[in-house]
Every structure is written in structure tokens, then in C-alpha cells.
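Enquirer: Protein sequence lines, in the order shown, are assigned to chains A and B.
Numbered by our numbering, the letters in the first sequence go through residues 174 to 290 in order.
Numbered by our numbering, the letters in the second sequence go through residues 25 to 515 in order.
Misleading hints may appear alongside valid ones.
What the hints assert, rightly or not - If the Cβ cut is set under 8 Å, some of the chain B residues that face chain A in the computed set are: (1) Ala45; (2) Leu48; (3) Leu51; (4) Met52; (5) Ile53.
Because the hints were derived from the structure by calculation, they are not lab data.
Bear in mind that the values here come from a model prediction, so they are computed numbers and not experimental data.
We put the CB at the ideal spot given by N, CA and C, even for glycine.
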Amino acid sequence: MNPYVPVLIMLFLAAATAAGMIAATTWIGPKKKFADKMEPFECGESPIVNPKQRFSVKFYLVALFFVIFDIETVFVYPWAVLFRELNWFGFVEMMIFIFILAVGLIYVWRRGALEWD
Amino acid sequence: MEQVMSSISLSAIAPELVLVACGLIVLMIQAVFGSRFRDSFAYVSLLGIGGAAFLVLTSPGAFESKIVEYSFCDMWVVDNFSRFFKLIFLIGTGLTLLISLRYLDNEAMQHSEYYALMLLCTVGMMVMASAAELITIFLGVELMSISLYALAGYTRSRMMSNEAAIKYFILGSFASGFLIYGIALIYGTTGTSQIPAIARYLAQAGAGAAVLVMGMALLIIGFGFKTASVPFHMWAPDVYEGAPAPVTGFMSAGPKAAAFAAFVRIFMEALPTLQTDWIMVIWLIAVLTMTVGNIIALVQENIKRMLAYSSIAHAGYVLVAFLAAGELGLTSILYYMLAYTFMNIGAFAVITMLAGAGETRVKVEDYRGVGYKHPVAALAMSLFLFSLAGIPPTGGFMGKFYIFSAAVKQGYIWLAIIGVLNSVVSVYYYLRVTVAMYMQAPEKDEDVPAASALSPALVVAIFISAYGVLSLGLFPSTYVAMVKESFLSFL
Chain A
174 MNPYVPVLIM
184 LFLAAATAAG
194 MIAATTWIGP
204 KKKFADKMEP
214 FECGESPIVN
224 PKQRFSVKFY
234 LVALFFVIFD
244 IETVFVYPWA
254 VLFRELNWFG
264 FVEMMIFIFI
274 LAVGLIYVWR
284 RGALEWD
Chain B
25 MEQVMSSISL
35 SAIAPELVLV
45 ACGLIVLMIQ
55 AVFGSRFRDS
65 FAYVSLLGIG
75 GAAFLVLTSP
85 GAFESKIVEY
95 SFCDMWVVDN
105 FSRFFKLIFL
115 IGTGLTLLIS
125 LRYLDNEAMQ
135 HSEYYALMLL
145 CTVGMMVMAS
155 AAELITIFLG
165 VELMSISLYA
175 LAGYTRSRMM
185 SNEAAIKYFI
195 LGSFASGFLI
205 YGIALIYGTT
215 GTSQIPAIAR
225 YLAQAGAGAA
235 VLVMGMALLI
245 IGFGFKTASV
255 PFHMWAPDVY
265 EGAPAPVTGF
275 MSAGPKAAAF
285 AAFVRIFMEA
295 LPTLQTDWIM
305 VIWLIAVLTM
315 TVGNIIALVQ
325 ENIKRMLAYS
335 SIAHAGYVLV
345 AFLAAGELGL
355 TSILYYMLAY
365 TFMNIGAFAV
375 ITMLAGAGET
385 RVKVEDYRGV
395 GYKHPVAALA
405 MSLFLFSLAG
415 IPPTGGFMGK
425 FYIFSAAVKQ
435 GYIWLAIIGV
445 LNSVVSVYYY
455 LRVTVAMYMQ
465 APEKDEDVPA
475 ASALSPALVV
485 AIFISAYGVL
495 SLGLFPSTYV
505 AMVKESFLSF
515 L
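Just chain A, same shape as in the assembly (with noise of 0.2 Å):
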């Protein structure tokens, strides 16, 4: 027998158990509603605004700048370890990477797109 089955089914059983839990106690338990009770209950602040905001698309923009200069670090981490055996290849080539990125942040920071407001 496969040796993950033993685990496959210990997790059927887990996630049966809790979702069975829920199930129970919703369709068994005794149900009171009031105003009070529909509230997160102890958890932190009541609400006093809608959560359904719209958000600035300003944060989008930071987001994929993030994701962009995070790539980077992608391809900068194992340039690092391997800086000797690549030598003065991984050295230009990694340079260049990095002038082009370079150019796109001379770009977003002139175009203002670092500004907030």
C-alpha cells in the first residue's frame, strides 16, 4: 500500500470531524438571534464603517512595484552564490539586469508615481 494513504486518511478523518462539528451544532444547536449576537463577538473593535470600501488604486501601483524590485531579488539570490564560478560573465550579465531595472525606476520615480499625493 501506498505509504501516504495512512496519511490521506487521517486527514479525511481530521477535516471530517471538524466539519461535522460545525454541521451538528448548526442544525442541532438552539438558535436565538438578536441585534447583540450578530455582532464579531470579542474580537477586537465593533465596526463603525462598512468593510466593503473601494480602495485607492494608488496601492495597487505600489503592490506591482514590489513585485517588480521583488523579482529582482529573485534572480540576485543565486547570482550571489554562484558569483565565483560565474565570474566576470555573471558579473556583466547581472549588471545589465540591473541597468534595465535601473531605467524602469528612473522612469516610475520621474513619472511620479512614487508620489502619494
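We have chain A already, so just place chain B on it with the hints.
Expert: Chain B alone, transformed into the frame defined by chain A:
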């Protein structure tokens, strides 16, 4: 490591490097100097296009020998097939830039981003034409598509343009998903993503695996979307209608040709052993694409939308040539894509010229009386429309002639008959514009649209397109010789 370094060949990607450099330079000009040198954007971009075309034409052995050069660990291939397609893309982009000069001024959108996106989009298309490996092709598809999504929404104050960009982006990403899934399944069965290696594997192991056929089917869906073939065409009319007119012309020529370039390379080189599986599917898609495109185009009132459906129909004709395969079929694909680039971008040049601020004059009825007020433009427009309809002595006629004769020679008689019938149907809606231009009077003389985007550059673009359409129709032998050098240099 040594192997990686020795396979790097900068001369093989020189045209692409030039375009990327020009794109970055254009961006930097605006970033550093602001809008002071905004006139230079177009010059730098056109210089880049010219330089790239020069490099393509002068690369060793161009259009003379059938040498196929692999580089970058066999991920990149330079052959006449890719060179020919690169020239088509560069012509398309160059003409589009000439058309859009005054248009962007009128819309007060003369920004470096437009040029940078155009150039990067062209690089993406060139990568698609030159990639010898599935992931690299996907990279090209994405570079091209992402630039196009942004270009479709370039006139950002216009709701239609925004809608076009969002629709194109969502549906396009979805289609890219199909493409990458297909690539994954093919990689899963063959153990390689390199096109020649896949072909070698399939020649040895046979092509019975169901997973492989599924991967192929997903690729057909992905490329079907990128070429706007029925039933994956739904995005095209809305996107073509909403995008700025020069971008629409660009989008319906270059990227479509690029998708066909990659499509042909993958299917003819990597998966020829699966031909029996794909023939029926593509046959059906070709018939549907031609018929649906032409019939829906009949009732369109918006000329951009009409040309969108016409563009769908033209993808169908190219699929006929794709099915015919062989020497004749593939040469006719190359020939047709070149002719289509000239005639379609030419038609969009006239549309751009007459569209007016905010593109308000794009109905067929707006063209009433244009023949008398703008005789040269109307003549050129008629030429392009005749060519799209496939009436001699134009490039469109010769292209269709080659396609249908290839289909008949390969025994696809019915396909050729359906194709010719479709051409007949298409004449009606193309000529409707000509009839409006020459034979119908507007209610008031002021109703004839002014040539608001007219500029010397636009005139040059129209003349180049007209020259291309006519010379492809009158002297096909020069082009056929070039095409014969380029077709199938990978087989």
C-alpha cells in the same frame, strides 16, 4: 557553463536589442527631460525600427541560403522564416507609428509610453517568430500581449478604450493560461520544450499519447485566441472597436502574423506527426472563422467593428493555407500576411485620418461624400478595401489566389469553395464603404469628416501601403522569390 556562454550570440538577437534599447531611450527622454523633446519620441522609435530592419536584412545569409542558425542553447533560431516575419512586424510597426503621429497630438496623448509599448510589443512578436523553444515562445506571447493590453487602453479618458483594455486583458490572460497548460502537457509527454527535440522524440516514439493530443488541443485554443479564430474570437470586435484607431490597425496585422508564425513553427516543425489529429479541428475552425467573420461583418455600422470581423475572416483564409501546408500552403501564409499588413494598416490610416477628435466619425455613414472632399484618401481607401475583398490587381487578390490554389492542390476542394464563396460575401461590406464615399451625398456638406489627423507622415504611410498593395498584386514574382526562400526553412 562553458556551453551556455559559447551559445550566446548577440548578433542573433541584434534587431531585438536595438528595439529594446530604443524603447528604453524613449522612456528615459521623457523621464529626464519631461515633455520638452516630445517630438523626438517618434524619430528615435522610427530610427530603431529602421535599424532593426537593416540588421534583419543584412544578417549573414539573409534570404540567400537556407542556413538555420541556433543559438542560446537551441532556444533561439534565426532562419529566413523568422526574418520574413520580423520584416512584416517591422513594416507594421513603422507604418503604425507614422499614422499615429498627428493622432496622438490631437488626442493630447503624445507620450513616450506609446512608443515604448509599440517597440516592446514588436520585440515580443519577433521573439515569437524566432523562438525555437516553447517557453521562449510563451515569453514572446506575453511581452506582446501585455504591451497590447496597455495600448488598447491608451486613450485612457475614453470609456470604450478602457473597456477594450480590460476585456482584452482578462480574456487574453485566460487564453495565455490555455497556452501554458498546453506547453506543460507537451513537455510532460516529450520531456523537452525545444521544438526540434520534440519533433525528434515524436518521430521515434510515435504520437499516440492522449495527453499529447490534449496539449495540442490546448495550444490550438491559445493560438486560436491570439489569431481571433472562431469560436475564440469574441474579444476581437469589442477590443478593435474600443482601442485607438492606429492601435487597432497595428493589432490586427502584426500580432496576428506573430501568432501564425509561432503556430506554424510549433505545428509544422514540432508536431507534424499529429497532423491526422489536428486536420479535422482546424478544418472546422477555418470554415467557422471565415463564415462567421464575413456574415457578421455584413451588418456592422461601425467601420472599425466591421474591419474587426473582416480581420477574423482573414484569419480564416490563413487557416486554409495552414491546412494545405506543404510548400505552397506555407508560402501563401507568408505572402498573405505581408499583403494583409499593407492593406489593413493602410485602411486604418484612412480611418485614423478621418476619425476626428475622440474618434466620433467611425460609422460607415460618416464616409458619405468623402470621395469628393478627400479624393486621394478615398482612392487609397478604395484600393485597400478592394485588396481586402480580393479584387485584382491588388496584393489581397494574389494572396487569396495562392491560398486557394494551395488548398485545391492539397485536395481541400470544399474548403477552397467555401473560402471563395466567403470572399464573394465579403465584397458586399467592403464595397459599402466605397459606395458611401462616392455615391451617397451627406445631408449637409459640413457632415463630411475633416482630415483631422492628416500629416506628412500619414501621407507617407498611405503611399507606402498603397505601393505595397499594388506591387504585391502586380509584380508578385519578386515577393514570391523571397517567400520561397523563407517558407519552411526549418523542415
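Enquirer: Hint by hint, say whether it matches the structure.
Expert: Each hint tested on the structure:
{"no.": "1", "hint": "Ala45", "verdict": "10 Å, violated"}
{"no.": "2", "hint": "Leu48", "verdict": "5 Å, holds"}
{"no.": "3", "hint": "Leu51", "verdict": "5 Å, holds"}
{"no.": "4", "hint": "Met52", "verdict": "6 Å, holds"}
{"no.": "5", "hint": "Ile53", "verdict": "11 Å, violated"}
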